[in-house]
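Position chain R against the provided structure of chain D, taking the given hints into account.
Residue numbers (numbering that gives the first Met the number 0), protein chains in the order written: chain D, 0 to 382; chain R, 0 to 404.
These aren't lab readings, by the way, just hints derived from the structure by calculation.
For clarity, every value in this text was computed on a predicted model and none was experimentally measured.
Which residues of chain R face chain D? A few of them, derived with a C-beta cut under 7 Å, are:
#	residue
1	125
2	129
3	130
4	154
5	159
No residue lacks a Cβ here, since even glycine has one placed at the ideal position from N, Cα and C.
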Amino acid sequence: MSQVHRNFLVSGAQRLPLALLAALLLLGGSSGCSPPDPVRIGYVGGISGRVADLGITGRDGVQLAVERINQAGGVSGHPVEIISRDDHQDPAAARRVVEELIELGVSAIVGPMTSAMGVAVAPIVNEHKVLMVSPTVTTEELSGLDDYFFRVSSTTGYFSTRNAKYQLSQKKLRRMAAIYDLGNRSFSVNWLQNFRRTFVAGGGEMVTEVSFVSGGDEKYIELARRALTSGPDGVLIIANSVDSALLCQQIRKLDSMVPITLADWGATERLLELGGRAVEGVTVIQTFDRASNNPRYKEFRQAYLLRFNREPGFAGVYAFESTNVILKALERMEQGKDLKQVLLDIPEFEGLQSSFRFDRFGDVTRPHASISIVENGQFVVKD
Amino acid sequence: MASQRPLGQLLGIQMTFIAVIPLLMVALLLWQLALPRIHEGISVRHQVLAGSISGRITTLLAGAEHELESLGTYIETRGVQSQEYWCNLLDSHVGEGEIFEVVYLSDEGERVEAVGLPVSQNYKREDMLGLDLSLRPFFRRVKTGYASTWSETFLSTISGRLAIALLIPVEDRVLIGEITIEHLSEFISFKFGGSALLIMIVDGDGRVIADSQNVYSGQSLDTSQIPVLRQQSPGEAVSATAQVFFADHEYIGTAVTVGKLGWRVLVAQPSREAFQDLTETFWFVAAAVVIALVLAVVALVQALYHTGAGDSRRELRPAMARVDHSRIFRTGRPSADHGCGNPGAGEGIVGKRGEIPAGGQQCPGHHRPDRPRWNDRPHRGEGAGGHGHETGGRRGKIVVRPVPV
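Chain D on its own, in the form it takes in the complex (with noise of 0.2 Å):
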């Protein structure tokens, strides 16, 4: 049958209840059930701007995750369906699509994907108690807090010590300038406390601590010139990709030799093809390996890549798991029982590259933080 014949029946059958009742009578009332409903999933993320890789990837890695569930089958049989939102990078705008969200009925929102949105949304699914799990949301402003705003990255804590250390024992970095970006203050001031209390604390000494919005007026290379003027061994930005490889392309305009450091926020593939040579040498801490052997994960990077036609990153791989996490606790979800219950009960998730727990509060913290160098327009992995 061609499809536009079966359009025609369809669609008629769809049309008219009087029709449906005349094919119910003609063909003996041998017609199917209705499918079943669909279970809906939100995703809120940055899709545009400055920060949209981060959203996009981390869009494509929840899509990825719910076409492999459909295709199984769905959830106890119902088909899951993902409600996309932009949040713009504003916090005003992120609970408006929240609440959106919450009000098409969707059963858990994965995201935001950056901690300033987590900061502004989190509020609202604790008052509407609906579960959200963020792939990327680091920031330590909600760490300990047992509501309904899960995770699956480590916190910024985790991240910016690790980096401290290493910059001292391995770098033997004492004088370091910092650039971040106040636009995503809960995450950018979270990083930066910690980071110049491990270096301090170290030995080290933080000796120009330059603030900026993304998307301002400010010229980075304005920005590059007054973290430089003291002369500092190291240079950390806290930033987003994009603005984190504008900023390296004004400090290797200036100096060619200082080393840079980033923050685990700027080190997507973007950072590469906007840094080119400008971001070779660069660290970065991240628990994401993309050199990873795990076989999960190299059957799902082959997947993504085949949807997507680029590299899934940390914001891809957080976002698969984030959904994965959702998905597994509503196909073990009961009656009267409340989700994040259902996934507090759940001991362990299988990770793509390694298994991890929550804890009482929601967070995770993952093992293995490695530091990554950029070499020949990629992120290798050195300690």
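Structure of chain R alone, referenced to chain D:
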């Protein structure tokens, strides 16, 4: 041997045929004649619309290409000039950013030698000068072909918005114009946002560049599941109209390729809306036939209820006559039961024609104690021996069989 089939079933089959055959004929005609025409009409309308949008995009991009090529030619003729000279020249082509968001002139080292920016972005010039473009995906592409090249879509460094780049080699340098394409979404949603039509512009990777409902922009479609969006071979301008699904909604859609970019414009219409007239016609006919059938059945039941006794009697007369003959043989007198009719008919229980329930055997007002009862009658094989009729072995039951001719 004739099969045993109650008369009610025969009538039911006849009624069903009466109802179904016209319906099947209507369906067949709609299916084979009307549907292809409607489908063709939809396809043509979609193609016209998609072609119009595609043409608009092609015109816009062709204009940009022509402008950048002219600029490239001019730069070649100017030889060595100062950075300021080139920046002023490029700025004049960018203007307020109506078409180009930014124009770079890269040196042989793949660094930005000069940049043209919209007036509002002029403060970024110092940041842009000297930028290393070597790992930008579009730059890698032009290096392989080294001819005028359109890039895939990417996020603009300047605005963070979706953009494409056109690269024109200028001797050992490259002129790069970034064109933001976000306004395509604005244009489409403004133009078609209120309609039920779903218009999408999809790039070569299956990523939605723009959509009229502002829902799918930026999403990657699994084009392996959407045949109409599969990559067309070069020169193939129009793909077939086919069924597509978005968010569990079924559409009939037509895709048209946009020039040499490998993009496709998809115009899709909800199937139920596209075939609404036809399906309503069909299902109304179906409903009418069903209603007519139900009414006919009701009328039949009523007719049988009121006159079924006479009909049954006529039907049963030969059998009863044979029974009487056997009685005459046995008793030597005819039955007084003739003309009594089927005693059960008046009670409305001739559901299966020819079945006479035991409880309704007596003829009211004609009962005679010495008269033989139905259950006194000879059993099968006795008496008349059956020419198409037989008395059943069960108590008081007569099964009527069609008489073979």
